[in-house]
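Go by the hints and put chain Z onto chain H.
Chains H and Z, in that order, give the protein sequences.
Quick note: the first sequence, position 153, residue 153 per our numbering, numbers continuous.
Quick note: the second sequence, position 65, residue 65 per our numbering, numbers continuous.
Think of the hints as simulated: they come from the structure by calculation, not from any bench.
What you are looking at is a predicted structure, and each value in this text was computed from that prediction instead of being measured.
Ideal Cβ positions, reconstructed from N, Cα and C, are used throughout, including at glycine.
Possibly wrong hints are sitting among the right ones.
Far from chain Z by the CB rule (all over 10 angstroms, computed), these chain H residues [claimed, not checked]: (1) MET1; (2) ASN36; (3) ASP83; (4) LEU97; (5) GLU147; (6) ASN156; (7) PRO227; (8) ALA230; (9) ARG231; (10) ALA237; (11) VAL241; (12) PRO256; (13) GLU273.
With the C-beta cut set under 8 angstroms, the calculated list includes, among others, these residues of chain Z facing chain H [said to hold, decoys possible]: (14) ALA3; (15) LEU10; (16) THR81; (17) PRO90; (18) ARG91.
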Amino acid sequence: MIEVESLTKRYGSTLAVDDLSFTVAPGTVTGFLGPNGAGKSTTLRALLGLVHPTAGRTAVLGLPYAELAGVAHRVGAVLETFDAHPGRSGRNHLRVLATAGGIATSRVDELLELVELTGAARRRAKGYSLGMRQRLGLAAALLGDPEVLVLDEPANGLDPQGIRWLRDLLRSLAAEGRTVLLSSHVLAEIAQTVDEVVIIHRGRLVRQATMAEVEAMAAGEARVRTPEPARLAEALACSGVLSHAIGDGALGVAAPPERVGEVASANRIVLHELTTARATLEEVFLSLTDSDAGENSAQ
Amino acid sequence: MTALVAAELLKFRTTRTAIGVLLAALGLVAVAAAGTVGTAEDNALGTSQLTQDTVSSALFASLVAFIVGILSVTVEWRHGTVTRTFLVTPRRVRILLAKEIWIAIFSAALAMVGLLLVLAIAVPWLELRGSSLVLDRDAASLAGRTVLATMLWGALGVGVGAVVQSQTPALVGAILWILLAEVLIGALLGLVDLEGVADYLPGRALSAFDGTIEDDGLTRGVAGVVGLAWVLGLGALGWLRMSRQDVT
Chain H
1 MIEVESLTKR YGSTLAVDDL SFTVAPGTVT GFLGPNGAGK STTLRALLGL
51 VHPTAGRTAV LGLPYAELAG VAHRVGAVLE TFDAHPGRSG RNHLRVLATA
101 GGIATSRVDE LLELVELTGA ARRRAKGYSL GMRQRLGLAA ALLGDPEVLV
151 LDEPANGLDP QGIRWLRDLL RSLAAEGRTV LLSSHVLAEI AQTVDEVVII
201 HRGRLVRQAT MAEVEAMAAG EARVRTPEPA RLAEALACSG VLSHAIGDGA
251 LGVAAPPERV GEVASANRIV LHELTTARAT LEEVFLSLTD SDAGENSAQ
Chain Z
1 MTALVAAELL KFRTTRTAIG VLLAALGLVA VAAAGTVGTA EDNALGTSQL
51 TQDTVSSALF ASLVAFIVGI LSVTVEWRHG TVTRTFLVTP RRVRILLAKE
101 IWIAIFSAAL AMVGLLLVLA IAVPWLELRG SSLVLDRDAA SLAGRTVLAT
151 MLWGALGVGV GAVVQSQTPA LVGAILWILL AEVLIGALLG LVDLEGVADY
201 LPGRALSAFD GTIEDDGLTR GVAGVVGLAW VLGLGALGWL RMSRQDVT
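Only chain H is shown next, with the shape it has when bound in the complex (with noise of 0.2 angstroms):
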């Protein structure tokens, strides 16, 4: 279980996070998302006790990070920022973390393999790849086999491979009961491996939804797709139905697929495809978040 409850951190006259709740189910992979800046790695690093909240209070598995007992073996995380000594083999950063952990070092081993990092264990990690950077401090944070996972921005860096590896492994995780937070920019990645979502735009919480949830945001909408669209349009909107193009002779309609079917019988109009439309993550995201998407694109 992750909470965070009336989350405020400000620096300086900058207001990173401003009165954030939420929490995180076990059980659950639940994507952490915002535009740039919206305040996601200052909460994530509040969570894990890098940095001091303003105010308001974070816990993880029911106590604030600080005061986890044998925290090795509870909460494990990614960090955007690559955190091992660029002299240091990547064998000996999670040899480093293990002794400090107390954890056995024979784990370090099932970790790089794990990982697929055998191969470059002995190398120094400064010749190390994004991707293998990326993989070093996932390994790191599986170490001590950890209840809460906390991952930011984890699919840098990896290839189509290692994405999937990761989707893979964190559904994995979450079924055996344990809970997963992250944040990632890969909407269409989030989407696929995610439970539920947490946007977050200027700090504050605009949408804690599950993905079924997000889906049917959309809902009371039907796609249709025929050889004769604009014949369709005109049939509907005969019937007092509105529609709009959508490309590739479709069109959204804003009425049940039903209604829809129910006029293109009555009009001989053939179809090709006639669906329910489901928003997309993508698009709801930029609904919610639109504005300050508006602002970034024009810095």
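Frame of chain H; chain Z shown alone:
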């Protein structure tokens, strides 16, 4: 705490800095010992003073311990490893304590190796010149103070590193402070008849304790206590800074 101290040792062992530091320490001690024995006048051979001068060559280990102490903390900020260190050990005071304990052990070992190296150079060399060291109570006392002083210098370095955190300013600032600032402060205080106050500065106090400075300032016992107070004071300041800061 044992695990954290062991992790600090592993951190030191697993970078190339360790080899460089050890070679530098032993090289300085060896050159100083060889210089002292090699340039000794015939009439100085067999005297207690020559033995004292020779044994004190091992004090170069304290300079290296001081630098290693600074590096052991500042390297965490220089390479960003402090994030992972704080994640694994969220109670930051434990990190600082582990570093202080580790540097004390390391410094003691370094000083003892330095003393053995001095003996390994001086004993056969003096034998060739038909003489020997005077290994009396004074020599044993100096050897003991060399070990203790090296431990204090190392611990002082950890405190400096924890307060400053940025590596280059910490190293350059600390060396300038010891070599220039303390001398300058002493001279300025002398102008107003307060030169005795300068004896309480960290470098002067530790040098009085280990015997590098021999004047009518602080007694060795008081100098040791003053040095220890600086170690504790800087450690406390470093802890205050570390415990309140955000790692972004």
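Hint check results:
{"no.": "1", "hint": "MET1", "in the structure": "holds, 18 angstroms"}
{"no.": "2", "hint": "ASN36", "in the structure": "holds, 15 angstroms"}
{"no.": "3", "hint": "ASP83", "in the structure": "violated, 4 angstroms"}
{"no.": "4", "hint": "LEU97", "in the structure": "violated, 6 angstroms"}
{"no.": "5", "hint": "GLU147", "in the structure": "holds, 15 angstroms"}
{"no.": "6", "hint": "ASN156", "in the structure": "holds, 16 angstroms"}
{"no.": "7", "hint": "PRO227", "in the structure": "holds, 57 angstroms"}
{"no.": "8", "hint": "ALA230", "in the structure": "holds, 56 angstroms"}
{"no.": "9", "hint": "ARG231", "in the structure": "holds, 59 angstroms"}
{"no.": "10", "hint": "ALA237", "in the structure": "holds, 56 angstroms"}
{"no.": "11", "hint": "VAL241", "in the structure": "holds, 53 angstroms"}
{"no.": "12", "hint": "PRO256", "in the structure": "holds, 49 angstroms"}
{"no.": "13", "hint": "GLU273", "in the structure": "holds, 49 angstroms"}
{"no.": "14", "hint": "ALA3", "in the structure": "holds, 5 angstroms"}
{"no.": "15", "hint": "LEU10", "in the structure": "holds, 5 angstroms"}
{"no.": "16", "hint": "THR81", "in the structure": "holds, 5 angstroms"}
{"no.": "17", "hint": "PRO90", "in the structure": "holds, 4 angstroms"}
{"no.": "18", "hint": "ARG91", "in the structure": "holds, 6 angstroms"}
Hint compliance for this structure: hints 3 and 4 are broken, all remaining hints hold.
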